[in-house]
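2 protein chains.
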Amino acid sequence: MTDSEEDINRRHKEKAEKRKAFQDKLVSQADKKKHLLMVYTGTGKGKSTAAFGTMLRALGHGHKVGVVQFIKGAWSTGEQKALATFDNLVTYEVAGEGFTWDTQDRARDIAKAREAWVLALAMIRDTSYHLVVLDELNIVLRYDYLPVEEVVAALAGRANHVIVTGRNAPQPLIDSADLVTEMKLVKHPFREQGVMAQEGIEF
Amino acid sequence: MTDSEEDINRRHKEKAEKRKAFQDKLVSQADKKKHLLMVYTGTGKGKSTAAFGTMLRALGHGHKVGVVQFIKGAWSTGEQKALATFDNLVTYEVAGEGFTWDTQDRARDIAKAREAWVLALAMIRDTSYHLVVLDELNIVLRYDYLPVEEVVAALAGRANHVIVTGRNAPQPLIDSADLVTEMKLVKHPFREQGVMAQEGIEF
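Going line by line, the protein sequences match chains A and B. The first sequence begins at 1 in our numbering and counts up one residue at a time. The second sequence begins at 1 in our numbering and counts up one residue at a time.
None of these hints come from the bench; they were simulated from the model. Among the hints, a few may not be true.
Cut-off 25 Å, straight-line C-alpha distance, at most; resulting in silico cross-link-like pairs (DSS-like, lysine-lysine) [claimed, not checked]:
(1) A:Lys184 with B:Lys34
(2) B:Lys25 with A:Lys184
(3) A:Lys72 with B:Lys13
(4) B:Lys72 with A:Lys72
(5) B:Lys33 with A:Lys18
(6) A:Lys187 with B:Lys72
(7) B:Lys25 with B:Lys15
(8) B:Lys187 with A:Lys187
(9) B:Lys72 with A:Lys13
(10) A:Lys33 with B:Lys187
(11) A:Lys20 with B:Lys72
(12) B:Lys20 with A:Lys81
(13) A:Lys187 with B:Lys13
(14) A:Lys33 with B:Lys33
(15) A:Lys25 with B:Lys13
(16) B:Lys81 with A:Lys81
(17) A:Lys15 with B:Lys72
(18) B:Lys15 with A:Lys72
(19) B:Lys81 with A:Lys33
(20) A:Lys25 with A:Lys15
(21) B:Lys72 with A:Lys25
(22) A:Lys187 with B:Lys184
(23) A:Lys34 with B:Lys187
(24) A:Lys81 with B:Lys33
(25) A:Lys33 with A:Lys20
(26) B:Lys25 with A:Lys187
(27) A:Lys184 with B:Lys187
(28) B:Lys184 with A:Lys34
(29) A:Lys72 with B:Lys187
(30) A:Lys20 with B:Lys15
(31) A:Lys20 with B:Lys184
(32) B:Lys33 with A:Lys187
(33) B:Lys33 with B:Lys20
(34) B:Lys81 with A:Lys72
(35) A:Lys184 with B:Lys20
(36) B:Lys13 with A:Lys184
(37) A:Lys25 with B:Lys187
(38) B:Lys13 with B:Lys25
(39) A:Lys34 with B:Lys81
(40) B:Lys33 with A:Lys184
Please construct the entire structure, taking both the sequences and the accompanying hints into account.
The following block contains the structure:
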């Protein structure tokens, strides 16, 4: 015997009612405001892109936003042009020195990471920033270019929202974060099909 | 015996050289241009935000972009205000009728999904669009409001980039996609700490 359309619709309604009750309960219990530490990590695409999207959401509301790029080249012309539209609200610092496999000079990478961190600290301590994005900071931490304990301690007393991106987020950072999303690579055209990075999509 | 700073730097340089050679090879092999079908799925945060970020990257380059929101309320004022900056390049259609657990009327949800799909099809067939975002389409497919075969067939012959977002992407869509990222929920402040959605971050 197959179910009638009526049965399907009734069951759907019952399930939907339960789900709504659960959702309403969650929302009613969520009454705290907090300056969030958000981490986008994992090997999949979309980490910096999600950070960029959150920045633009904040900018849409007229909030001040800062970015420090710990690895040069991670963001490209598309982002920069879109951000330029809000240039009075955006501070954009490109502090890193290219991908580490391009520079091949550890001592210099460490010095550059430290320079970037000084810029990041200044933003984090300036409460006029609604949101500070520390792009690819995880890579810097992963190579021990900056001590993770120092970074976590500095992030603890913030009065703004912070997003950290990059694969291999270290455990102490995950532990102190409020929101962590792992972008998992399921399929990637660059790796599997030899498709090049294309304007207006990847840069 | 501990390693000298010199040893550490030398080993780092060797590893970095290998990594660079591998990366260069990948890039040199990636010479194809293709209109990509990109899927952001999973239960974690950042799916629609990454789509939104990609849109703004395309807009930064002056490309035309379309969005169909299959679930009303998924995008909010922050996005809309940011997009308004590029309003001559953006077509934004809010076609869905609220979250399904709010409406509790399956027949009406199906009709609304169909209306949204008609709008989406018109965009996909219009080659002046560089990128079309089908936001929360996965949810519609998951509830069988639209047959996945019909959607996959329609997407096959495109001449633009498409992003589909939403949890529970169906397997036939994943199979036909070029890039799939699963956003995995690791930590969420809303669920765990009772933190409310905050302006300029989540809406």
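Now for the hints, and whether the structure bears them out:
Simply put, Lys184 (chain A) and Lys34 (chain B) have alpha-carbon atoms about 22 Å apart, close enough for the 25 Å limit, and the pair holds. Distance hint between Lys25 (chain B) and Lys184 (chain A) is fulfilled; the C-alpha atoms sit about 23 Å from each other, no more than 25 Å. Straight-line distance between C-alpha atoms of Lys72 (chain A) and Lys13 (chain B) comes to about 19 Å, which keeps the hinted pair within the 25 Å bound. Proposed proximity of Lys72 (chain B) and Lys72 (chain A) is contradicted: the alpha carbons are some 37 Å apart, above 25 Å.
Note on Lys33 (chain B) and Lys18 (chain A): the hinted pairing is violated, with a Cα-Cα distance of about 47 Å set against a maximum of 25 Å. Pair hint Lys187 (chain A) plus Lys72 (chain B) does not hold up; C-alpha atoms about 28 Å apart against a cutoff of 25 Å. Distance restraint check for Lys25 (chain B) and Lys15 (chain B): the Cα-Cα separation of roughly 16 Å lies within the 25 Å cut-off, and the hinted pair is therefore satisfied. A hinted pair counts as satisfied when its Cα atoms are at most 25 Å apart, and Lys187 (chain B) with Lys187 (chain A) qualifies at roughly 24 Å.
Note on Lys72 (chain B) and Lys13 (chain A): the hinted pairing holds, with a Cα-Cα distance of about 19 Å set against a maximum of 25 Å. With a CA separation close to 17 Å, the supplied pair Lys33 (chain A) and Lys187 (chain B) stays within the 25 Å bound. With a C-alpha separation of about 15 Å, the suggested pairing of Lys20 (chain A) with Lys72 (chain B) holds against the 25 Å cut-off. Between Lys20 (chain B) and Lys81 (chain A) the alpha-carbon distance is near 29 Å, which puts this suggested pair outside the 25 Å criterion.
A C-alpha spacing of about 30 Å is found between Lys187 (chain A) and Lys13 (chain B), which places the hinted pair above 25 Å, so the restraint is violated. This hinted pair does not check out: Lys33 (chain A) and Lys33 (chain B) have alpha carbons roughly 45 Å apart, beyond 25 Å. Proximity of Lys25 (chain A) to Lys13 (chain B) is assessed by CA-CA distance (about 54 Å); at most 25 Å being required, the pair is judged violated. Distance hint between Lys81 (chain B) and Lys81 (chain A) is fulfilled; the C-alpha atoms sit about 17 Å from each other, no more than 25 Å.
Distance restraint check for Lys15 (chain A) and Lys72 (chain B): the Cα-Cα separation of roughly 20 Å lies within the 25 Å cut-off, and the hinted pair is therefore satisfied. Only pairs whose Cα atoms come within 25 Å are accepted, and Lys15 (chain B) paired with Lys72 (chain A) is accepted, the gap being roughly 20 Å. Using a Cα cut-off of 25 Å, the hinted pair Lys81 (chain B) and Lys33 (chain A) holds, with the two alpha carbons roughly 23 Å apart. Straight-line distance between C-alpha atoms of Lys25 (chain A) and Lys15 (chain A) comes to about 16 Å, which keeps the hinted pair within the 25 Å bound.
Only pairs whose Cα atoms come within 25 Å are accepted, and Lys72 (chain B) paired with Lys25 (chain A) is accepted, the gap being roughly 20 Å. For the suggested pair Lys187 (chain A) and Lys184 (chain B), the alpha carbons sit about 15 Å apart, so the restraint of at most 25 Å is met. A C-alpha spacing of about 15 Å is found between Lys34 (chain A) and Lys187 (chain B), which places the hinted pair at or below 25 Å, so the restraint holds. About 23 Å separates the Cα atoms of Lys81 (chain A) and Lys33 (chain B), which keeps this hinted pair within 25 Å; it holds.
With a C-alpha separation of about 23 Å, the suggested pairing of Lys33 (chain A) with Lys20 (chain A) holds against the 25 Å cut-off. Between Lys25 (chain B) and Lys187 (chain A) the CA atoms are separated by roughly 19 Å; this keeps the pair inside 25 Å, and the hint holds. Distance check on the hinted pair: Lys184 (chain A) and Lys187 (chain B) sit about 15 Å apart at the alpha-carbon level, within 25 Å; holds. With a C-alpha separation of about 22 Å, the suggested pairing of Lys184 (chain B) with Lys34 (chain A) holds against the 25 Å cut-off.
A threshold of 25 Å between alpha carbons decides the hint, and for Lys72 (chain A) with Lys187 (chain B) the separation of about 28 Å lies outside it, so the pair is violated. Under the criterion of a C-alpha separation no larger than 25 Å, the hint pairing Lys20 (chain A) with Lys15 (chain B) is inconsistent with the structure, at around 53 Å. Taking the CA atoms of Lys20 (chain A) and Lys184 (chain B), the gap is near 23 Å; set against the 25 Å cutoff, the hint holds. Pair hint Lys33 (chain B) plus Lys187 (chain A) holds up; C-alpha atoms about 17 Å apart against a cutoff of 25 Å.
A threshold of 25 Å between alpha carbons decides the hint, and for Lys33 (chain B) with Lys20 (chain B) the separation of about 23 Å falls inside it, so the pair holds. In summary, the hint linking Lys81 (chain B) to Lys72 (chain A) is not supported, as the alpha carbons are separated by about 29 Å, beyond the 25 Å threshold. For the given pair, Lys184 (chain A) sits about 23 Å from Lys20 (chain B) by alpha-carbon distance, which is consistent with the 25 Å threshold. The hinted pair formed by Lys13 (chain B) and Lys184 (chain A) fails the criterion: a straight-line CA distance of about 28 Å is larger than 25 Å.
Between Lys25 (chain A) and Lys187 (chain B), the direct Cα distance comes to roughly 19 Å. Compliance with the 25 Å bound is thereby established for this hinted pair. Restraint check for Lys13 (chain B) and Lys25 (chain B): satisfied, since their Cα atoms lie roughly 18 Å apart, inside the 25 Å limit. Straight-line distance between C-alpha atoms of Lys34 (chain A) and Lys81 (chain B) comes to about 23 Å, which keeps the hinted pair within the 25 Å bound. For the suggested pair Lys33 (chain B) and Lys184 (chain A), the alpha carbons sit about 24 Å apart, so the restraint of at most 25 Å is met.
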